[in-house]
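**Student:** For reference, each letter of the sequence shown is one residue, going 7 to 202 in the working numbering.
Hints are computed from structural coordinates only; laboratory data are not their basis. Please read these numbers as outputs of a predicted model, since none were measured by experiment. Note that CB positions come from ideal geometry on N, CA and C, so glycine has one too. Among the clues, some could well be false.
As the list claims (entries may be wrong) - Pairwise CB distance ranges (calculated): (1) P103 <-> L130: 36 to 42 Å; (2) R147 <-> D187: 29 to 35 Å; (3) R97 <-> E148: 20 to 26 Å; (4) T81 <-> G197: 30 to 36 Å; (5) W162 <-> G94: 37 to 43 Å; (6) E157 <-> D27: 37 to 43 Å; (7) T81 <-> D171: 35 to 41 Å; (8) D195 <-> G64: 21 to 27 Å; (9) A25 <-> W162: 18 to 24 Å; (10) V168 <-> A25: 27 to 33 Å; (11) L60 <-> A101: 39 to 45 Å; (12) L60 <-> R28: 30 to 36 Å; (13) G64 <-> G35: 20 to 26 Å; (14) V59 <-> A34: 18 to 24 Å.
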Amino acid sequence: MTAAPTTFTEAEYLALERASDRKHEFIAGAIVAMAGARPAHNALASNLAAALVLLTRGRGCLTLSSDQRVHVPATKLYTYPDVTLACGPRRYDDADPPSLLNPTLIVEVTSDTTEDFDRGTKFLHYQSIAELRDYLIVSHREPRIDHFRREGDDQWRLTTHVRDDAVVDLPEHGGGVTLVDVYAGIDLDEGRRTDG
Numbered sequence: 007m008t009a010a011p012t013t014f015t016e017a018e019y020l021a022l023e024r025a026s027d028r029k030h031e032f033i034a035g036a037i038v039a040m041a042g043a044r045p046a047h048n049a050l051a052s053n054l055a056a057a058l059v060l061l062t063r064g065r066g067c068l069t070l071s072s073d074q075r076v077h078v079p080a081t082k083l084y085t086y087p088d089v090t091l092a093c094g095p096r097r098y099d100d101a102d103p104p105s106l107l108n109p110t111l112i113v114e115v116t117s118d119t120t121e122d123f124d125r126g127t128k129f130l131h132y133q134s135i136a137e138l139r140d141y142l143i144v145s146h147r148e149p150r151i152d153h154f155r156r157e158g159d160d161q162w163r164l165t166t167h168v169r170d171d172a173v174v175d176l177p178e179h180g181g182g183v184t185l186v187d188v189y190a191g192i193d194l195d196e197g198r199r200t201d202g
């Protein structure tokens, strides 16, 4: 006989977050502890954050690291994207610490354990954010960025970038980010355990 899964309220989740020294996501009533990431994952997020800071400087945008929690009120998701960009006036909830409510661009760097969620259910949650214009999924396996852009009819168009000279076009944010800059200096196998 299996025990029924425990379901938590948003208030219980937020109380746990305030008391914890670890980050947790809140998904459909479940509290999920976030594991540490491999060096290549962290470097990809840092490279993309640096590129976005340079791209959006002076445009009223703020680039945030994975310590910034994002809340999707429509689906009750609380999550920590790898990189978040918020342009224009920013809105936060009343939680402590506050969660961003209106990101304009979200980046998720995949991992073996999160890739399916990043590409599927999590993206469905993110689509509920009216201000979100761009969602970037950065591969941890190969130089590849999948760029989902919200079109005028509220449809999402996918462009996959794999060539070294590829540019992820972000005209609303002032230009583009090159694939080569995102993957510069990164060994995708760094930090992987090798038994030998």
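**Student:** Each hint needs a verdict: does it hold in this structure or not?
**Tutor:** Do the hints match the structure? See the list:
1. P103 <-> L130: 36 to 42 Å: 26 Å, violated
2. R147 <-> D187: 29 to 35 Å: Because 19 Å falls outside the window, the suggested range is violated.
3. R97 <-> E148: 20 to 26 Å: 36 Å, violated
4. T81 <-> G197: 30 to 36 Å: Between T81 and G197, where Cβ atoms are some 33 Å apart, the hint holds.
5. W162 <-> G94: 37 to 43 Å: Hint violated: Cβ distance 21 Å, outside 37 to 43 Å.
6. E157 <-> D27: 37 to 43 Å: 41 Å, holds
7. T81 <-> D171: 35 to 41 Å: Because 37 Å falls inside the window, the suggested range holds.
8. D195 <-> G64: 21 to 27 Å: 37 Å, violated
9. A25 <-> W162: 18 to 24 Å: This hint is violated: roughly 37 Å between Cβ atoms.
10. V168 <-> A25: 27 to 33 Å: At 43 Å between Cβs, range violated.
11. L60 <-> A101: 39 to 45 Å: 31 Å, violated
12. L60 <-> R28: 30 to 36 Å: 31 Å, holds
13. G64 <-> G35: 20 to 26 Å: 42 Å, violated
14. V59 <-> A34: 18 to 24 Å: 33 Å, violated
Checked against the numbered hints listed earlier, the structure breaks hints 1, 2, 3, 5, 8, 9, 10, 11, 13, 14; every other hint is satisfied.
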